[in-house]
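Student: Here are the chains, one letter per residue:
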Amino acid sequence: MMGINKNATQMMAEIVSNKRVGAYNHIVFAVGDIASHAKPGNFVAIAVGGPNSAMVLRRAFAIYRTFDKGSNGGLLEIVVAPHGAGSTWLTNQLPGFKVDLIAPLGTAFGIPTEPVRALLVGGGYGSAPLFGLSEVLKNRGCRVDMVLGASTAMKIYAPLDGKRSVNSLTTVTEDGTTGITGKVTDVLADIIETNQIDIIYSCGPMGMLEAINVIAERLGVVHQCAIEEAMACGIGVCMTCVLPIRGEDGVVRMLRSCIDGPVVDGDSVIWGAKRVIPEGTWGAH
Amino acid sequence: MMGINKNATQMMAEIVSNKRVGAYNHIVFAVGDIASHAKPGNFVAIAVGGPNSAMVLRRAFAIYRTFDKGSNGGLLEIVVAPHGAGSTWLTNQLPGFKVDLIAPLGTAFGIPTEPVRALLVGGGYGSAPLFGLSEVLKNRGCRVDMVLGASTAMKIYAPLDGKRSVNSLTTVTEDGTTGITGKVTDVLADIIETNQIDIIYSCGPMGMLEAINVIAERLGVVHQCAIEEAMACGIGVCMTCVLPIRGEDGVVRMLRSCIDGPVVDGDSVIWGAKRVIPEGTWGAH
Amino acid sequence: MFNFKTNLGEAQFDNPIFTASGCAGSGRELSQFFELSELGAVVTKSIMLKPRSGRATPRMAETPSGMLNSIGLQGPGIDLFLEKDIPWLRDQGANIVVSIAGESVEDYAVLARKMRAVSGISALEVNISCPNVENRGQVFACHPQTARAAIEAVRRNIGGELPIIAKLTPDVTSIAAIAEEVVAAGADALALINTVLGMVIDTNTMRPKLAGKTGGLSGPAIRPIAVRAIYQVHEAMPHVKILGMGGVASGRDAFELILAGASAVSIGTATFGDPSAVIRIKNELQAELIAHGFDSLREAVGYAHRSEGNL
Amino acid sequence: MFNFKTNLGEAQFDNPIFTASGCAGSGRELSQFFELSELGAVVTKSIMLKPRSGRATPRMAETPSGMLNSIGLQGPGIDLFLEKDIPWLRDQGANIVVSIAGESVEDYAVLARKMRAVSGISALEVNISCPNVENRGQVFACHPQTARAAIEAVRRNIGGELPIIAKLTPDVTSIAAIAEEVVAAGADALALINTVLGMVIDTNTMRPKLAGKTGGLSGPAIRPIAVRAIYQVHEAMPHVKILGMGGVASGRDAFELILAGASAVSIGTATFGDPSAVIRIKNELQAELIAHGFDSLREAVGYAHRSEGNL
Ligand SMILES: Cc1cc2nc3c(=O)[nH]c(=O)nc-3n(C[C@H](O)[C@H](O)[C@H](O)COP(=O)(O)OP(=O)(O)OC[C@H]3O[C@@H](n4cnc5c(N)ncnc54)[C@H](O)[C@@H]3O)c2cc1C
Ligand SMILES: Cc1cc2nc3c(=O)[nH]c(=O)nc-3n(C[C@H](O)[C@H](O)[C@H](O)COP(=O)(O)OP(=O)(O)OC[C@H]3O[C@@H](n4cnc5c(N)ncnc54)[C@H](O)[C@@H]3O)c2cc1C
Ligand SMILES: Cc1cc2nc3c(=O)[nH]c(=O)nc-3n(C[C@H](O)[C@H](O)[C@H](O)COP(=O)(O)O)c2cc1C
Ligand SMILES: Cc1cc2nc3c(=O)[nH]c(=O)nc-3n(C[C@H](O)[C@H](O)[C@H](O)COP(=O)(O)O)c2cc1C
Ligand code: FES
Ligand code: FES
Chain B
1 MMGINKNATQ
11 MMAEIVSNKR
21 VGAYNHIVFA
31 VGDIASHAKP
41 GNFVAIAVGG
51 PNSAMVLRRA
61 FAIYRTFDKG
71 SNGGLLEIVV
81 APHGAGSTWL
91 TNQLPGFKVD
101 LIAPLGTAFG
111 IPTEPVRALL
121 VGGGYGSAPL
131 FGLSEVLKNR
141 GCRVDMVLGA
151 STAMKIYAPL
161 DGKRSVNSLT
171 TVTEDGTTGI
181 TGKVTDVLAD
191 IIETNQIDII
201 YSCGPMGMLE
211 AINVIAERLG
221 VVHQCAIEEA
231 MACGIGVCMT
241 CVLPIRGEDG
251 VVRMLRSCID
261 GPVVDGDSVI
271 WGAKRVIPEG
281 TWGAH
Chain R
1 MMGINKNATQ
11 MMAEIVSNKR
21 VGAYNHIVFA
31 VGDIASHAKP
41 GNFVAIAVGG
51 PNSAMVLRRA
61 FAIYRTFDKG
71 SNGGLLEIVV
81 APHGAGSTWL
91 TNQLPGFKVD
101 LIAPLGTAFG
111 IPTEPVRALL
121 VGGGYGSAPL
131 FGLSEVLKNR
141 GCRVDMVLGA
151 STAMKIYAPL
161 DGKRSVNSLT
171 TVTEDGTTGI
181 TGKVTDVLAD
191 IIETNQIDII
201 YSCGPMGMLE
211 AINVIAERLG
221 VVHQCAIEEA
231 MACGIGVCMT
241 CVLPIRGEDG
251 VVRMLRSCID
261 GPVVDGDSVI
271 WGAKRVIPEG
281 TWGAH
Chain S
1 MFNFKTNLGE
11 AQFDNPIFTA
21 SGCAGSGREL
31 SQFFELSELG
41 AVVTKSIMLK
51 PRSGRATPRM
61 AETPSGMLNS
71 IGLQGPGIDL
81 FLEKDIPWLR
91 DQGANIVVSI
101 AGESVEDYAV
111 LARKMRAVSG
121 ISALEVNISC
131 PNVENRGQVF
141 ACHPQTARAA
151 IEAVRRNIGG
161 ELPIIAKLTP
171 DVTSIAAIAE
181 EVVAAGADAL
191 ALINTVLGMV
201 IDTNTMRPKL
211 AGKTGGLSGP
221 AIRPIAVRAI
231 YQVHEAMPHV
241 KILGMGGVAS
251 GRDAFELILA
261 GASAVSIGTA
271 TFGDPSAVIR
281 IKNELQAELI
291 AHGFDSLREA
301 VGYAHRSEGN
311 L
Chain L
1 MFNFKTNLGE
11 AQFDNPIFTA
21 SGCAGSGREL
31 SQFFELSELG
41 AVVTKSIMLK
51 PRSGRATPRM
61 AETPSGMLNS
71 IGLQGPGIDL
81 FLEKDIPWLR
91 DQGANIVVSI
101 AGESVEDYAV
111 LARKMRAVSG
121 ISALEVNISC
131 PNVENRGQVF
141 ACHPQTARAA
151 IEAVRRNIGG
161 ELPIIAKLTP
171 DVTSIAAIAE
181 EVVAAGADAL
191 ALINTVLGMV
201 IDTNTMRPKL
211 AGKTGGLSGP
221 AIRPIAVRAI
231 YQVHEAMPHV
241 KILGMGGVAS
251 GRDAFELILA
261 GASAVSIGTA
271 TFGDPSAVIR
281 IKNELQAELI
291 AHGFDSLREA
301 VGYAHRSEGN
311 L
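Chains as they are written, first to last, in our numbering: chain B, 1 to 285; chain R, 1 to 285; chain S, 1 to 311; chain L, 1 to 311.
Derived by calculation from the structure, the hints in this document are not laboratory data.
Don't take every hint at face value.
Pairwise CB distance ranges, derived in the manner of DEER restraints [as the list claims (entries may be wrong)]:
1. L:Ser296 <-> R:Thr152: 30 to 40 Å
2. R:Pro95 <-> B:Arg164: 54 to 64 Å
3. R:Ser268 <-> S:Ala236: 49 to 59 Å
All C-beta atoms in this analysis are idealised placements derived from N, C-alpha and C, irrespective of residue type, glycine included.
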């Protein structure tokens, strides 16, 4: 069991910009030093609703990217899908407004020490953390291919400079409004084989991550994924965000996705364990 | 038992202006037709905190004045003391923001058919409804004297045009920062006798209204006051805002201050009945 | 055509959205904002035998996502109520459910006899969440024996006609146990839940804020308690119809109570924040049900209980 | 000099603000945000005999001004806990209250024996708001007999040293009756209140949102219930110290529980929204007490009970 991300800091962060991009809002915060500590895969936890809000819990958002300009100028960016009350409130806040934010939280994507061929797969707003990851990987001399999927074109988040940072970008939509018609998993095997992929990094809905993991296992490719489980605290104190993960000792434990995740090895996850504790889990009875 | 104010309407009203005046905020709403129906003494009930607010109840505010410019241009003004969470939220809303408002509610000050000599007594923001009343009385040919009191000068609400609308204005503060040092009740008897007052209209804290009533009774002057009891609904359905009032039949009943008030005859109120039901009240046992 | 009809025992209603007892005045106050006949039913404030002043003020305190009240059943007494309020409600074309409350088993018996002859009433809601003066002020619905006694008294005296809806408090160790007791005693349906006992202390005066010290907690804060109570009772007795209530402020919330097992839903505190809440909620609920593919309200009642196999 | 000291039974604390059981992880996670030694005490998550996976996910649902959880007491079991967590907490200079939970009376007895030899602990919080596997999964604290049996088992096995704080559920007809029972059985103090049983139904899937169906409601929504429970129990047994909790999110809220009768206050859900809530609340509470003219915390405990004559 790891401790909380050792650089995690709580602060009031001013919104610098908040713009609609397709189905999402791209929001930039002034965060000072925090920017220099965040790694791709980390997330932020933001209090929503303002004073006297009936919403008592923070919301987690993957860090899209950061700009480290020192303590006065550090910026942190996220991509928000207005979904329920909390995320909708956040997308409605104007520049100048300050939100209570904790970052960076959670684990980061593991960066290979050697140049490898990486495939980044994102579903919906799950693409957000992949662009920062892509930059890091490119700087390490990796080849980076990317596949982004969503139900419809408006839900593909792929800004221009993000697109430029990858060697190839394939988009897939269920309704065919952009790119290939279908699901991301329809195109993976081909790309993995053609480009001789060594490692897959993925972020998106749990169902998609699970389907990717099946392919990764079949083709013997390493798979790191950023999971999403409902979180009450984001800092490891509530035990709501757990999922069954097999440790190096072979034992399956209910681990906290906010501390031992969100980034985990795809093959350590006991998939499909929603609403049940898998047999043999430590302490199950 | 009366029914709800028959002109009461619920609407989303835009804030036209919101300015700090002393310890208060003077807020102007665009209310269309409502402006033409409001009478001095009526109040508005405003939902506070926005969507997802933990505050489920409306807040009541006395109508300071209205401008009837037809359905598009009607304005309604209130004076708000930022006190707890709800009123503070309201004073923080900017022009352009829309609030959910119901008005006009409650009873109005009774206007004499003959020109009389009226004394208007306000405590704190309780002065607000008195200026509109003063205009109506002046138009009926009445002489209007006014006494305003508060703990300190910042809490005297007396705008310039308001001051102009009365024949005399006496201010009283407990700390002596403006006007006479003391309480409004210190100066009443004098003014009543000097100016041969026929009727007192008052609005302010319950303790002040009670003290005024003692003086009014002693000197045989009619007294109408606008009472303030915690209200959950403002429209007569919850029975929280009651206080014991003697009816014309001599029977004391727990009447709703949102429907049978806020303006009531001072001598019909059973004063000092906070936290107890006065003996002999209808249904008491 | 979507079928919004529902029933509680033999009583039929055009739609499942009712006012909650004690939260709609005499009906006159709300009729300013909409037609009472648009509601599934108007549930009257709980009426007692004699005129009643209720408790002293302050009678309410706002709480996070809720409020406390201690009205203490202020009202004119059954005779004046039957003379003045009922005819007026009937004239409005409202579907009427009368709520009664007593301080003794005998009170309930007398109230039931008085209701017997009254025409134009759909059902009787029996509020047994009130203090029993014969038993150290303990609430009838808190104990199986007293809950049973009150409902039996009504059953014996009401005649065969009027369906009885027993209204229970959640402030018990097992609400399902009380529910079984009152159904055995003759209740045709159940109203769940009354307010939860709470207290607010005013930190300025450093005393309980309400003159009556404790009060009933209502509003969205208690919705999870209401859903749990309805779910537990529907699970124990799926054949007994439930009038659900507690913190419903939107069509989504009403839908939640219906999925848990409610056949109709009363709106209380939400009306204080929004006088036409009942009409808004009725429309939102119908839209929710249609969006989820239901052809009728009845199909949705208790739908959250279906076995995992039907996932 | 303002005196912030307090005690629960024989246990002494520098200040009255504690973490709530199950809401502070192992302590390590919070120590990133402040020094644990600044707290009155760290109350550990309820620890059981054996390692325990807890319930399946989803384990939580946000509710109006609150949340539901069904963690199901996930934890490493008492042995690993005593080996890893306790020494670490001791090293931090934290004042430690260990919370234990069992599934049978025997479990409580064994846990108490294991705790007997452990040094550096101030008190034992006995969470009896958990299901009793020997009695159809009914919660110990729901019935006088089982509540008594669990506390007696701890009392007999703990030796004379460690004060016992019995933690009760509000989901009972009379919490004062249960409180009297556990005090008679040997509890030195009481922890009030555990979460309130609730349920949320996800209107998209149309099933209970939590895998465990029901869950415990916490947060500001339940504060009026906590205040009422503390007030009732303090009224019934003014000499028994109470560790209060339930929806405290500010110094004002903590003050409210203290006026009702709490000698110390635990902070649970508020920490999820604000990791350093406990420190903020401690500071705000001290400021409130001083502003109200108190020279010590102790004078304020139960102050809302003073007779009306002292108005
Ligand atoms: C590690 C992590 C990273 C995330 N990154 C992003 C991101 O980059 N962009 C983005 O738009 N959203 C992201 N989410 C989801 C986000 O945190 C919110 O849950 C989502 O916006 C819904 O919140 P709401 O207030 O709008 O909905 P509500 O329905 O009001 O939420 C109610 C509660 O359920 C929880 N919840 C609801 N949906 C989800 C979900 N899908 N996952 C987890 N919890 C949920 C909420 O956190 C909240 O506690 C992320 C979640 C996690 C755990
Ligand atoms: C008929 C009437 C007219 C009023 N006119 C004005 C006015 O012109 N200007 C103004 O600033 N305020 C006025 N008030 C008081 C106002 O309605 C609010 O109660 C006050 O602003 C405090 O609300 P809050 O949300 O800030 O405080 P909170 O402490 O958050 O309020 C909590 C609850 O207590 C009630 N409450 C608290 N204080 C009072 C009070 N003094 N009177 C009644 N209820 C109270 C609130 O309505 C609310 O339901 C009036 C009240 C009434 C009943
Ligand atoms: C001000 C007020 C008065 C009430 N009066 C009664 C009553 O007379 N009889 C009754 O059975 N319930 C009464 N109740 C309880 C409501 O009918 C309802 O059961 C409860 O408030 C929960 O619903 P809500 O959260 O929608 O308000 C009252 C509730 C409130 C808030
Ligand atoms: C996520 C979570 C886990 C909890 N775990 C425990 C526990 O292990 N033992 C216990 O006695 N209480 C547990 N509780 C109850 C709290 O200690 C506390 O009594 C309750 O939440 C009310 O306080 P609050 O409103 O400040 O959270 C838990 C509460 C929550 C929200
Ligand atoms: S979100 Fe609380 S432990 Fe992970
Ligand atoms: S405020 Fe509800 S009846 Fe007056």
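Student: Enumerate the violated hints, using their earlier numbering and listing them in ascending order.
Tutor: 2
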